[in-house]
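Chemist: Following the hints, position chain B against chain A.
For the protein sequence lines, the chains are A and B, in the order given. If you read the first sequence in the working numbering, its first letter stands for residue 1, the second for the next number, and so on. If you read the second sequence in the working numbering, its first letter stands for residue 314, the second for the next number, and so on.
You may find that some hints are simply not true.
[Unchecked claim] Simulated restraints, written as ranges between beta carbons of each label pair:
hint	chain 1	residue 1	chain 2	residue 2	range
1	A	Pro85	B	Arg454	45 to 55 angstroms
2	B	Asp344	A	Ala74	29 to 39 angstroms
3	B	Ser451	A	Arg271	57 to 67 angstroms
4	B	Arg341	A	Ala225	41 to 51 angstroms
5	B	Val434	A	Gln243	58 to 68 angstroms
6	B	Ile601	A	Thr201	54 to 64 angstroms
7	A	Glu124	B	Ala613	40 to 50 angstroms
8	A	Glu296	B	Arg341	32 to 42 angstroms
[What the hints assert, rightly or not] If you want the ones that stay clear, here's a sample from chain B, every Cβ over 10 angstroms from chain A, calculated:
hint	residue
9	Met314
10	Thr348
11	Glu388
12	Thr415
13	Glu416
14	Val434
15	Arg435
16	Leu471
17	Gln486
18	Thr582
19	Asp585
20	Ile601
I should point out that these hints are in silico values taken from the structure, not numbers from a laboratory. Where is the CB? At the ideal position from N, CA and C, for every residue including glycine.
Number of protein chains: 2
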Amino acid sequence: MLLTVTLNAAIDKTYTLACANTPGDVLRVQDMQATPGGKGINVAKAATALGQRVMATGFLGGHAGRWVQEQLTAEGILCDAQPVPGQTRTCINIVEPDGRQTEFLEPGPEISAEALNDFLVRFERLAREACAVTMSGSLPRSVPNDIYAQLIAICKRLGRPALLDTSGAPLQQGIRALPDVIKPNLQELGQLMGRPIACETADVLACAQALQATGIGLVVVSLGAKGAVAVTHDAAFHVIPPQIEAVSATGSGDSFLAGLAVGMLRGQTLRDTLRLATAAATANALNIETGRVHIEDVHALLPQVKLRQMPAW
Amino acid sequence: MLLTVTLNAAIDKTYTLACANTPGDVLRVQDMQATPGGKGINVAKAATALGQRVMATGFLGGHAGRWVQEQLTAEGILCDAQPVPGQTRTCINIVEPDGRQTEFLEPGPEISAEALNDFLVRFERLAREACAVTMSGSLPRSVPNDIYAQLIAICKRLGRPALLDTSGAPLQQGIRALPDVIKPNLQELGQLMGRPIACETADVLACAQALQATGIGLVVVSLGAKGAVAVTHDAAFHVIPPQIEAVSATGSGDSFLAGLAVGMLRGQTLRDTLRLATAAATANALNIETGRVHIEDVHALLPQVKLRQMPAW
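If we strip away everything but chain A, and leave its shape as in the complex, we get (with noise of 0.2 angstroms):
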């Protein structure tokens, strides 16, 4: 089983509206569609559709995280997790007729140090009962950003592979805990190394290799429609996704994630986890739906995978 952590935890809602958002105005919704959301479930709902059975954790609360239990229930993914006061938050996201969109993001609910402390107990459990652990995004109030490093460190005295997601400090904290896996993108990149990084190959490969060689088993820096540069101690990989009409690449590198984590669990090669996790993320982008691939999709993408091995250093 793989266990997925989304610690902030939403309610995504898309309002569609027939007229412009002005403003000052009353504005009548003409169509509204909600998901459960955060980057973790995303991932969730990814890993299920490549046949990956799965356990979602992290902090729900009220009737909200009632909702986005029932939903993630209903798409077959298993969830168990903390319940906390206060309702958890849902974020808006305002279409226009001409395409323009905007995001309002609820602050969400406050949690805990009891909470925390009975989350870190819940976590532990099931750990225990996962072959492996993916953590994404980032955390709602008043949980400390040393809380990544925290579950890598319980990984690690399990024998739990830890895949991270995240960015900011919850990142550079979490790295000195040594996960098996990140997937920082360019910009979470240059947060970790203190400049921005030019989506150049070489830079890219040197930054990956820095990191990878501070104990982290596999570096994926993710390079949007150009792939992504994957450094473990022994190879580096360019892997290139086929080129295809992008309906929304939003929940790709989610996507990419539960590639990266159903490949691992699986036993496959490096190169053939990447490719499933390149397929997957490309797959998604066929949707409107964030975190939604079809299997159909993955299979007729896998192929079209490039992977070119980068020389060793």
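Modeler: Structure of chain B alone, referenced to chain A:
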């Protein structure tokens, strides 16, 4: 017991921004407040504050509907609503630092013919247990415009006073069933008359008289801060509220209706009932929260309400 009907209930959320609401941006919400909303729910809150036992009914759906029910229960309001598939809608009010407000109104669930029939059965049972019934607000999708007329007919059959506060076609069709009380504002009165009505007592009085003459027991035309004109078959009053520093008049009309219903239920004179309604409406305007009436404010305001008998005709 007072029965309040809210067919189009909502979760009213207020998003306070620390920055301007700029379309196209990702906006973090600094503070989020949620309250159960819908005009009939405001009536229920205000009547409860006036010391009246209240049962709220209408349609509620999903986790959002259960949240509304929980909040009402926590306020001491009984709730027996018709469950419907889908989620009770959310209405979002975006408040910027400069005070500008933007509202997004979700469409809410469709009401099936079956749910509507079940509601009519439920309503008859609840109305039988009640001493008076208020009906407030707009209709959810697929509910016919004669719904209030149907509910009023049930009330008349059971001998329960029916107080109607709505607008547009539901008001137009509702008055044909001859409710005991209607409370149009100037705009709604204009809709009924087919012409704009100026806030001049003579014209308002004439229109209210014409409506009352069709067989409506009490016609109260609300004039905002200028009070209201109330017409029965043998009397007419202009009721004038105390001058206050208003914080938010939203919900004052609902609090007025609550005061009318409570005064009637207590067997008060028309004069005292109008005074109570006006004091409740004024008390509501002292608070930012819609439908929030403090009984101490009502007691303090009551002696300041002025009542002017208008010439009989």
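Chemist: All the hints need checking, so say for each whether the structure fits it.
Modeler: We went through each hint and held it up to the structure:
Between Pro85 (chain A) and Arg454 (chain B) the beta carbon distance is about 34 angstroms. The supplied range of 45 to 55 angstroms is therefore violated. Roughly 32 angstroms separates the CB atoms of Asp344 (chain B) and Ala74 (chain A), a value that falls within the hinted 29 to 39 angstroms. About 60 angstroms separates the C-beta atoms of Ser451 (chain B) and Arg271 (chain A), a value consistent with the hinted range of 57 to 67 angstroms. At roughly 28 angstroms, the beta carbons of Arg341 (chain B) and Ala225 (chain A) sit outside the given window of 41 to 51 angstroms.
For the hinted restraint 58 to 68 angstroms between Val434 (chain B) and Gln243 (chain A), the CB-CB distance of approximately 60 angstroms keeps it satisfied. For Ile601 (chain B) and Thr201 (chain A), the Cβ-Cβ distance of about 57 angstroms falls inside the hinted range of 54 to 64 angstroms, so the restraint holds. Checking the proposed 40 to 50 angstroms range against Glu124 (chain A) and Ala613 (chain B) shows it is violated: the Cβ atoms sit about 58 angstroms from each other. Between Glu296 (chain A) and Arg341 (chain B) the CB atoms are about 38 angstroms apart, so this pair conforms to the stated range of 32 to 42 angstroms.
Chain A leaves Met314 (chain B) outside its interface by the beta-carbon criterion, the shortest separation being 27 angstroms against a cut-off of 10 angstroms. At roughly 13 angstroms, the least C-beta separation between Thr348 (chain B) and chain A is larger than 10 angstroms, which holds for a residue marked as non-interface. The Cβ of Glu388 (chain B) sits about 17 angstroms from the closest Cβ of chain A, beyond the 10 angstroms cut-off, so the non-interface label holds. For Thr415 (chain B), the requirement that its beta carbon stay farther than 10 angstroms from each beta carbon of chain A is not met, with the minimum near 5 angstroms.
Separation of Glu416 (chain B) from chain A is inadequate, the least Cβ-Cβ distance of about 4 angstroms not exceeding the 10 angstroms criterion. The beta carbon of Val434 (chain B) is kept farther than 10 angstroms from every beta carbon of chain A, the shortest such distance being approximately 27 angstroms. With a minimum CB-CB distance of about 22 angstroms to chain A, Arg435 (chain B) clears the 10 angstroms threshold, and the non-interface call stands. Chain A leaves Leu471 (chain B) outside its interface by the beta-carbon criterion, the shortest separation being 34 angstroms against a cut-off of 10 angstroms.
For Gln486 (chain B), the condition that its CB be more than 10 angstroms from all CB atoms of chain A holds, with the nearest at approximately 22 angstroms. No beta-carbon of chain A is positioned within 10 angstroms of the beta-carbon of Thr582 (chain B); the least distance is around 39 angstroms. The non-interface label for Asp585 (chain B) is consistent with chain A: the shortest C-beta to C-beta separation is roughly 36 angstroms, beyond 10 angstroms. No Cβ of chain A approaches the Cβ of Ile601 (chain B) within 10 angstroms, the least distance being about 19 angstroms, so the stated non-interface status holds.
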